[in-house]
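Q: Chain B: place on chain A using the hints.
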Amino acid sequence: MIQLIFDTLATAALVAPAAVGFTLIFALLGFANFAVGAVMAAGAFAAWTANALLGWPISAATAAAMLATAALVLVCDRAVFRPLREAPGWALLVSSVALSFVIENLLRLIFRADVRGYDVPLSRPLIWLDARIAPDAAWSILAAVVTLAVVLAGLRLLPWGRALRAAADDASLAALRGIPIGRLRVFANLLAGALAGLSGTLAGFSLAIEPGLGWSLTVSVIAAAILGGIGSAPGAVLGAVLIAFVEEVAVKFTTPAYRPGIGFIALALVLLLRPQGLLGKPLAAGRDQ
Amino acid sequence: MSELTINALAAGYGGRAIIADVSLRVSAGELVALLGPNGAGKSTLLAAIAGTMKPLAGSVHLNGREVTGMDPARLARAGVALVPQRRNVFRTLSVAENLAIGAWPAPRLAGARRDGVLALFPALRPALPRTAGLLSGGQRQMLALGMALMAGPSLLLLDEPTAGLSPVLVEETLLAIARLREAGIGALLVEQNAREALRHADRALVLAGGGVARRGTAAELLAEPDLGALFLGTAA
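If you read the protein sequences in the order shown, they are chains A and B. Position one of the first sequence corresponds to residue -7 (our numbering), numbered consecutively onward. Position one of the second sequence corresponds to residue 34 (our numbering), numbered consecutively onward.
The set of hints was computed from the structure by calculation and includes no laboratory data. Bear in mind that the values here come from a model prediction, so they are computed numbers and not experimental data. Any given hint could be a false lead.
What the hints assert, rightly or not - Derived DEER-like restraints, expressed as beta-carbon distance ranges: (1) Leu263(A) x Asp104(B): 32 to 40 Å; (2) Leu208(B) x Leu150(A): 34 to 42 Å; (3) Gly170(B) x Ile257(A): 39 to 47 Å.
Here a beta-carbon is modelled for each residue, glycine too, at the ideal position from N, C-alpha and C.
The following block holds chain A by itself, in its conformation from the complex (with noise of 0.2 Å):
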């Protein structure tokens, strides 16, 4: 039992961060961005460059990477998705999957395909309570908790975080209420960008690094943001918490290859029987502007 709760923290952690930037950007800007693994997969690249190539620190690198990922999301958003802002929904969708692949390929084009790793010192599991516990795991779930503790406690306490909520709720009521809604994504791509690497960072300990890293986690990011509920930071964290646990207790009676299906159908399921996911509201609510 407590290596399962351990393995769904550390499947969680990877998935929470950008499914937490995943949800407030379709809350707000109105579209599935499945862009979120090639985003993911240039954070573990950005990460192993830091790491790998220049020396620093993993702690270091993770803060690189997601500083970087912040960054490209900014730019595609400038580049790809502001232009079509007045299109529907399923055009910006279409591009974020275009987005993807121009995103995996030049991956691909400056690192080549091969299968990479961070370099950082081989140490053994800790058994605690039967249950062995990977450092690298534990890392994830700390850095994954921390990160998340601050971005909640900032989307609630801090002015801009409440702005941010409010804009996801209704950014048309939010323009009325002297919001600057342009400024605010801004503020959402930075931080969107940002959980994205963190969870791609985190994901490179347990996958291999290369261009495709994102896509066997893309569907278990959209399952948690959505079962979740659309808009809501802290549904995303429980989506993520619970899509973990309900594909490391199907792993256990299958194998690990058919994680990204488990995801899938998870996903049918919240949207067949509650599309408005634990905490959010109905779907059809999600663009406002």
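A: For chain B alone, kept in the frame of chain A given last:
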């Protein structure tokens, strides 16, 4: 003193005008009722003033400064607060958070303004920690109005603030709006309940057929023998 001046305004959807050649003025501390049948363009006029819809022609001036078609967020920070009829509160935020968001244009004054709003709408005080989506219709309208007041507006644009409320709450809401005149806040009030609105307003306009059919003081319009026909825009 603040003043809203609208000259020959036209607005609509897809290039087709719903309202045309509408001119009006709202002075500081003045409550002007905007009456008329459904589809007359009352909400369209408010949207064109508040910047959520680009006017097709005409101009909007606030305190002598042209604000025609200005971005709604900038207009809000300039002192114009539109309270829509629907979707007028952030349903997933608490009442306290809604009020805090309302103070976005002037965050340093949030504490004092919140006290003022809670004095105007005491029913909101016990509901402060509650999620706005769980409020009753009356509480929600109070919160919507309170959130607009948190910005310290010079002009309120109110789109049917009493829609769906009980007669007691209609009276309370209109009284609260009328009291805002003492603070020098001008208001343009769209209201289905014409007689009640005229009892509290200083002046009124009747929109019909896309233009201003009648205008006058509230007392003059209340004295009309056929107020119903006037409201429907069919009076001569």
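Q: Hint by hint, say whether it matches the structure.
A: Checked hints:
1. Leu263(A) x Asp104(B): 32 to 40 Å: Holds - the Cβ-Cβ distance for Leu263(A) and Asp104(B), about 36 Å, lies within 32 to 40 Å.
2. Leu208(B) x Leu150(A): 34 to 42 Å: holds (37 Å)
3. Gly170(B) x Ile257(A): 39 to 47 Å: holds (41 Å)
Checked against the numbered hints listed earlier, the structure breaks none of them; every hint is satisfied.
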